[in-house]
Amino acid sequence: MVRATGAAVIALLVLTTTCFAENYVVIGDMSSKLRYEMQQHISPDPGISRMKLSCVIPTSSKSITFEQEISAVKLTFVPPPQDRQEKTDRHGNRIITAIWEQPQGAATAKLAFDARTRTRLELLNTQSPFPLAPVGPDKDLFLQPTKQVQSQDAAIINLARKLTQGATSQFDAIQRAITWVINNVRYVNPPPQYDALFALKTGKGNCQNFSHLSAALLRAVGIPTRIVNGITLNKAYHVSRDQGPLTFKMAQGRHSWIEIWFPDLGWVPFDPQQTQLFVSNRYIRVEIGVDNNETINDGLVRWSKIKGSPARLKMQEAINAAFDDDRIVLRGRRQEYGPQGLLLSPQVSSDFKTVALAKKADLPRYTDQQLKGMRFILPYIFGNLSFPINVDFAFPGEGLAKGSQQQITRSFLVESAEYVTGRATQYAQVFLLKEPIRLDKISLALHNFGGDGMLWINLMADQDGKPGKQIDASDLVELSSISMRPGYRWVDFNFKKEPTILKPGYYWIALGFSGGPIVNWFYTYGKPVGPVEGTRHKGVFDEQWSGALSYEFNYRVMGKRAKR
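Here the sequence shown is numbered in my numbering, starting from 204 and rising by one per residue.
One thing to keep in mind: the hints can contain errors.
As the list claims (entries may be wrong) - Derived DEER-like restraints, expressed as beta-carbon distance ranges:
#: 1; residue 1: 365; residue 2: 678; range: 30 to 38 Å
#: 2; residue 1: 232; residue 2: 386; range: 25 to 33 Å
#: 3; residue 1: 570; residue 2: 232; range: 51 to 59 Å
Stated by the list, open to error - Below, simulated EDC-like cross-link-like pairs (lysine to aspartate or glutamate); rule was C-alpha separation at most 16 Å, straight line:
#: 4; residue 1: 277; residue 2: 317
#: 5; residue 1: 277; residue 2: 240
#: 6; residue 1: 556; residue 2: 539
Treat the hints as calculated values from the structure; they're not laboratory data. C-beta: ideal position from N, C-alpha, C; glycine also.
Please model the entire structure based on the sequences and the hints provided.
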């Protein structure tokens, strides 16, 4: 650990103006065999007269890029319910509802099955024109507006028409819309609303917003799009590249994505946060519908209570996936077109127009003499600041009351976090300063699971887009001073002992530790504020930070900026 002495002025290499895009064509195969288990535990207070739990049984399905084979399905309830109902809705979702009358205590549902999942990324040939010809009545349903997919709204219609103007192929029209969503919507969880218009107006949202906005833009120009609800599994996978491997990892929990209908390909999955024409084989497809208000059945808990009773109900959900076999061979090649945010795609044979590359602006340059004349007195805060603070992820359900009838729906609030105090892997997060600051502290979104020892932050220079020389270190923080109560919160690391002036440029944060702390660092899907290559990892004995991660850790840089 290096500690600076005396006042320090830190300068980094200033980037020159350049073009950038983060569209990767990926070829290869992902094939897995796993045993899946979801357990839901419902705890009612006294005074509840009836309790219902609905489950959707995943079925085998196949598209041109993704398929899942479901077998050995077993759904059990303890204690056995007084009634068990089964139905298949208009989309083919198989829904089983258990009903307990006058429940005397907790109930548990356990769904288990075997799954084979495969994603094949080969050359796709689609000659589907745009605009599409009229679709049949079974597809027309997925062109209609809903309360969450407001494809009839003037703002959405105008944007959709502007984005797709001049497109002659369906693929081109879709790629333009998905690119816009990736470039203009930032992932936050939980947002106050989940609909398309909220994402359009605020530029923020979770997986539901990404799905609803993408569906709204596409439906507005006549492209059938449906919503998929399912599960993502937290087993990482790697895409090999010339620049080093790019690692993808989702939290283990519920997720929303879309499927788009092509006349010559059928229904094809897209995750408008990061992939087009496929989803990885870490996805389990569960339920489909016109929006997430309709795909509400899996994990839906409803109950009635005695009049005047304050009784409430809690639901805890646990997901486990044991991989018996997992074979991943993926190769990615960066393209000279596409969004600024990360987008993966198979190779496509179709007519399309490349999206013009954006320009990176030059950062201002300052001499040491100029910095000496500056007064750093104005507050400065920057970082990936949005995450669910103090949330107990063991009880994420969302409640809704209607008189004596109440319900909890499945939650998309997931614990996206990395264990960062292990002995095998080190992690680093970049941040960009566009003006000089005096650094006071850096905060990380952490949860303390126990152990002992000390934590600190190592601040490193940037060297060719990777962590370089260590230039400063924070004060030590005792692990025992960090609360162990459920949830993630900011932990401050101070740099105030000696004033450190940082010039504009890129810097890297790495968490140092001693002893045996057990600490997770929360992350956000995508790159809300930083570059795609801005989250790195390496083995503890490796010299090079060769691996990049698809997500961005939550951090906060605080200090003083100069008064102009």
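For each hint, the structure was consulted:
Restraint check, residue 365 to residue 678: a C-beta distance of roughly 52 Å breaks the suggested window 30 to 38 Å. In this structure the supplied range 25 to 33 Å holds for residue 232 paired with residue 386, their Cβ-Cβ distance being about 29 Å. For residue 570 and residue 232, the Cβ-Cβ distance of about 54 Å falls inside the hinted range of 51 to 59 Å, so the restraint holds. Taking the CA atoms of residue 277 and residue 317, the gap is near 10 Å; set against the 16 Å cutoff, the hint holds.
Proposed proximity of residue 277 and residue 240 is supported: the alpha carbons are some 10 Å apart, at most 16 Å. Under the criterion of a C-alpha separation no larger than 16 Å, the hint pairing residue 556 with residue 539 is consistent with the structure, at around 12 Å.
Hint compliance for this structure: hint 1 is the single one not met.
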